[in-house]
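J.: First to last, the protein sequences are chains A and B. Quick note: the first sequence uses the numbering used here, first residue 1, plus one each step. Quick note: the second sequence uses the numbering used here, first residue 215, plus one each step.
Note that these hints are calculated values from the structure, not bench results. Glycine included, every Cβ here is placed at the ideal spot set by N, Cα and C. Be careful, since some hints might not be right.
[Stated by the list, open to error] Restraint ranges, calculated between C-beta atoms of paired labels, are given here:
{"no.": "1", "chain 1": "A", "residue 1": "S125", "chain 2": "B", "residue 2": "R470", "range": "54 to 64 angstroms"}
{"no.": "2", "chain 1": "A", "residue 1": "Q195", "chain 2": "B", "residue 2": "V466", "range": "23 to 33 angstroms"}
{"no.": "3", "chain 1": "A", "residue 1": "A104", "chain 2": "B", "residue 2": "E438", "range": "49 to 59 angstroms"}
These are the residues of each chain, in order.
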Amino acid sequence: MISLDRVTKAYQVHDGLHLVLNDVSIDFPPRRNIGVVGPNGAGKSTLLRIIAGIEAPDQGRVTRKGRVSWPIGFGGGFNGSLSGEENCRFVARIYGESVDEVVAFTKEFAELGKYFDMPVKTYSSGMRARLAFGLSMAIDFDVYLVDEVTAVGDATFQKKCRATFESRSGRSSVIIVSHNLKTIREYCDSCAVLQHGRVTFCPSVDDAERIYQI
Amino acid sequence: MQPATGLAGQFEVLNALILREMKTRFGAHQLGYLWAVIEPSLWIGTFVGMFAMVGRTAPDGMETVSFIATGLLPFTLFRESVGRAVSAVAGNKGLLFYPQIQPLDLVLARAVLECVTLMLVFAVIICTAAIWSDRWPHVADWLRFTLGFIAAAALGSSLGLLLLGLSVFTPTIERLYGPMLRPLFWFSGVFYTANGLPAPVRDFMLYNPVLHIVELVRSGWFVEYRSLHADPGYVTAWIIALSFAGLVVERVARRRLEVV
């Protein structure tokens with residue numbers, strides 16, 4: 001269960017304050033896959049970072065029950081000069097997981113071949129995303145936060161991700177942000193719409209579609 | 215359970231950060247670890263050579279290589295700790311992506327690594343010199359000696375933390391602090407002792423906490439030297455004041471440090 005209670009977040013821009021989240025209250029119920037849809041620049045990534053706890057809201061409270069992942073997607077959080085394996089070791093350590101198990105799982109899941117032992121800066125963006133995804137799957141999170149899942153890998157890899165999520169549907173859930181309702185429909189039961197600093201929670205993706213079209 | 219809560223989590227994070235920092239700093243070159251020793255050795259060699267050329271010896275019968283090393287390495291530790299702290303966030307921005315890692319953790323990890331590295335460098339240099347001259351030193355007070363090194367790292371890191379926070383508001387600080395700290399090299403007792411200074415000059419120079427640190431390390435190392443002026447309380451006061459200011463500014467600046 002993740003709850004946002006009257007969360008407000010604004011950024012300083014050249015002509016004053018840009019209000020990204022305006023007094024947002026929303027509950028993400030446990031064990032349900034939830035999408036957040038919104039146009040580019042609406043503040044989806046900011047919302048995800050606040051949920052993850054990377055950024056603190058200006059006002060309001062965020063409560064998390066369960067283990068929440070970092071925002072997975074573009075492979076931020078890797079050190080380019082270290083290899084895929086070394087990055088995995090680091091993340092395993094900060095989450096208090098068995099280093100060897102995490103490395104073995106990620107190696108198998110990400111299918112990077114010899115690149116797994118090469119510096120991450122030599123990776124393509126798709127490869128980085130696969131590493132990030134495999135690594136997050138190696139750690140048992142209750143909630144996975146996913147940023148723009150469309151960026152992650154090719155069709156085969158996406159199929160694999162979906163299968164893994166489905167196999168864990170009893171234990172863990174995802175919160176996905178995207179500007180594309182199609183991807184959200186593939187993974188999620190409910191969907192929230194983020195527009196103009198406000199979030200509207202919809203019980204089904206179809207309801208979200210009606211609002212989002214406007 | 216959210217990962218990395220409490221002391222155990224903090225320890226996990228620090229441990230991971232230190233191991234990673236070792237990899238990125240020393241692992242990049244094959245001579246990585248060696249280079250950490252070579253650079254200060256060259257400095258010490260240069261100064262020992264200069265002492266020999268002008269016919270100077272270390273005061274109070276101290277052995278020259280150790281005398282220079284007990285001055286130069288604590289000073290280097292202080293200066294490097296400042297720089298490492300100031301650049302801690304810029305060099306590790308991606309890491310703030312993980313919720314349990316805060317800017318303060320990056321500064322702490324670097325401080326610990328810097329302190330351990332320079333103490334090891336000291337050990338290597340002293341052992342090499344001892345084998346060379348076949349004269350093994352007797353350490354006067356291990357605790358005082360070790361605390362001196364730790365104080366150098368703590369003082370440098372807390373100053374660095376403060377500068378890091380301030381540089382968020384005034385970016386020029388990143389370029390200014392280096393030249394501003396440079397003169398300290400001549401005022402920190404690297405080549406002389408506080409005991410040997412004329413009184414009016416000494417009273418003024420003792421405002422410099424780094425001089426106290428060098429005096430602590432030296433009197434902890436040498437049986438021959440008893441510092442009449444080293445004041446651990448004065449150094450501690452500086453560390454507490456700078457940490458306090460640094461933490462306050464970091465708190466205010468955190469919002470802008472966070473932006474990945």
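J.: Each of the hints needs a verdict: does it hold here or not?
T.: So, going through the hints one by one against the coordinates:
no.	hint	in the structure
1	A:S125 with B:R470: 54 to 64 angstroms	27 angstroms, violated
2	A:Q195 with B:V466: 23 to 33 angstroms	32 angstroms, holds
3	A:A104 with B:E438: 49 to 59 angstroms	57 angstroms, holds
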